[in-house]
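Colleague: Now for the letters of each chain:
There are 2 protein chains.
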Amino acid sequence: MGEDTKTRVKESQEEGRQEMWRSIEIVGSVEKWASTVVVGDELNFIPPLNFAMVDNGVFRSGFPHSANFSFLQTLNLRSIIYLCPEPYPEANTEFLKSNEIRLFQFGIEGYKEPFVNIPEDTIREALNVVLDVRNHPVLIHCNRGKHRTGCVVGCLRKLQRWCLSSVFDEYQRFAAAKARVSDQRFMELFDVSSVPISFSCSNKV
Amino acid sequence: MGEDTKTRVKESQEEGRQEMWRSIEIVGSVEKWASTVVVGDELNFIPPLNFAMVDNGVFRSGFPHSANFSFLQTLNLRSIIYLCPEPYPEANTEFLKSNEIRLFQFGIEGYKEPFVNIPEDTIREALNVVLDVRNHPVLIHCNRGKHRTGCVVGCLRKLQRWCLSSVFDEYQRFAAAKARVSDQRFMELFDVSSVPISFSCSNKV
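Protein sequences appear in the order of chains A and B. Each residue of the first sequence is one higher than the one before, counting from 1 in our numbering. Each residue of the second sequence is one higher than the one before, counting from 1 in our numbering.
So that you can see chain A by itself, here it is in the shape it has in the complex:
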């Protein structure tokens, strides 16, 4: 990279810092996902199943296995939200420990239709953890990254004022053939005013 380019990047970064300060209460800590771009053709990062970036500092996926750990390290996670009642495997617990990642577990049963009972209170508690930028970067995951994770992200989108059809479209992109009307009904009914918007999120549009 030439000297001239370096200077320009620094300048634009300076501007960025100022903007970050102005929007501190909205955005929070968003600078942690280092996009590792390298020369070479060794393709050896394996993101977990159904991995995606939800928003600045917020990611989603299915259950991460040890094959995914080196990829996860590139995200510099500060915390993980785990939405299943089963205990976290030892290998995963070790990974969290050695990378100083905090685990928030919310044990939501993986109900199948029509025996559905999505616990609204638990989803709300999970959302509170997502909304707190002190926990960012955060990875939300369940088992397959479809239903429980999809519901949490869908409720987050409602808080971000996405129209319902866009919320459902995103949900269906991950759930695909396993999409559930009951999950979508849950998101439709979810009362966004029940989530206290404190932490670092703004009330302004």
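No wet-lab data here; the hints were simulated from the structure. Among the hints, erroneous ones may be present.
Below, a sample of chain B positions facing chain A; criterion: calculated Cβ distance under 8 Å [unchecked claim]: (1) Asn44; (2) Phe45; (3) Ile46; (4) Ala52; (5) Met53; (6) Asn56; (7) Trp162; (8) Cys163; (9) Leu164; (10) Arg173; (11) Ala175; (12) Ser182; (13) Gln184.
All C-beta atoms, glycine included, are put in the ideal place defined by N, C-alpha and C.
Given chain A, put chain B in place with the hints provided.
Modeller: Relative to chain A, chain B alone:
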């Protein structure tokens, strides 16, 4: 938000700033997507078809129409990469003008299989624009956000060292029933060493 919380957020932001400086050549300007979270139940943001966040400061979608403009404004875009040969509609040009968004147009024909000819040079040029953080936040879009956009994002994932099966999995999530083997073969063959990693991206893992 209480005084105490404010202080904590400021402190964590301070840490964040230092980290941003350390990773300036990797991450670049990533602080622009303000997650608008509001109290109320008016769901009126309509993201474009197939909208998603690709990485810090990088978004993807299908063609944005005027109904999507108020949502797009929340992204504070600095540029748009448009991958079709058709001229940009006047309403969209006006939107760019009034929001000071720069347009990079790469006219790639929307070939249908088996008459496929993805121009590697053009994809490489588009990637160079994506990789230059001075263009961030940037939205990459074509018509439906499936094939042309999918190929650019897929090549970006290879640069990020994602394994091919994860690259294809993400491609298919957006292309769904319209997924093309030829696109995937293009991504498989794409030579990452042909993209000069200059700008602000790091060569380090």
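Colleague: Confirm or reject each hint.
Modeller: Here is what the structure says about each hint:
Proximity of Asn44 of chain B to chain A holds as hinted, the smallest CB-CB distance being about 6 Å (cut-off 8 Å). Evaluation of the Phe45 of chain B hint against chain A yields a held restraint, the C-beta minimum of about 5 Å falling below 8 Å. About 5 Å separates the beta-carbon of Ile46 of chain B from the nearest beta-carbon of chain A, less than 8 Å, and the hint is met. Interface hint status for Ala52 of chain B: upheld, as the beta-carbon distance to the closest one in chain A is roughly 7 Å, under 8 Å.
Taking 8 Å as the C-beta cut-off, the interface hint given for Met53 of chain B holds, the closest approach to chain A being about 4 Å. With a least beta-carbon distance of about 5 Å to chain A, the hint placing Asn56 of chain B at the interface is held under the 8 Å criterion. At a threshold of 8 Å, the smallest CB-CB gap from Trp162 of chain B to chain A is about 5 Å, leaving the interface hint in force. About 5 Å separates the beta-carbon of Cys163 of chain B from the nearest beta-carbon of chain A, less than 8 Å, and the hint is met.
Hint on Leu164 of chain B holds. Least Cβ distance to chain A is approximately 6 Å, under the 8 Å limit. A least Cβ separation of about 6 Å between Arg173 of chain B and chain A falls short of the 8 Å threshold, and the interface hint therefore holds. Below 8 Å, beta-carbon pairs count as interface contacts, and Ala175 of chain B has none with chain A, the closest being about 11 Å; its hint is therefore violated. Of the supplied interface hints, the one on Ser182 of chain B is violated, with its beta-carbon coming no nearer than about 20 Å to a beta-carbon of chain A, more than 8 Å.
For Gln184 of chain B, the suggested interface contact is broken, since its CB lies about 14 Å from the closest CB of chain A, more than 8 Å.
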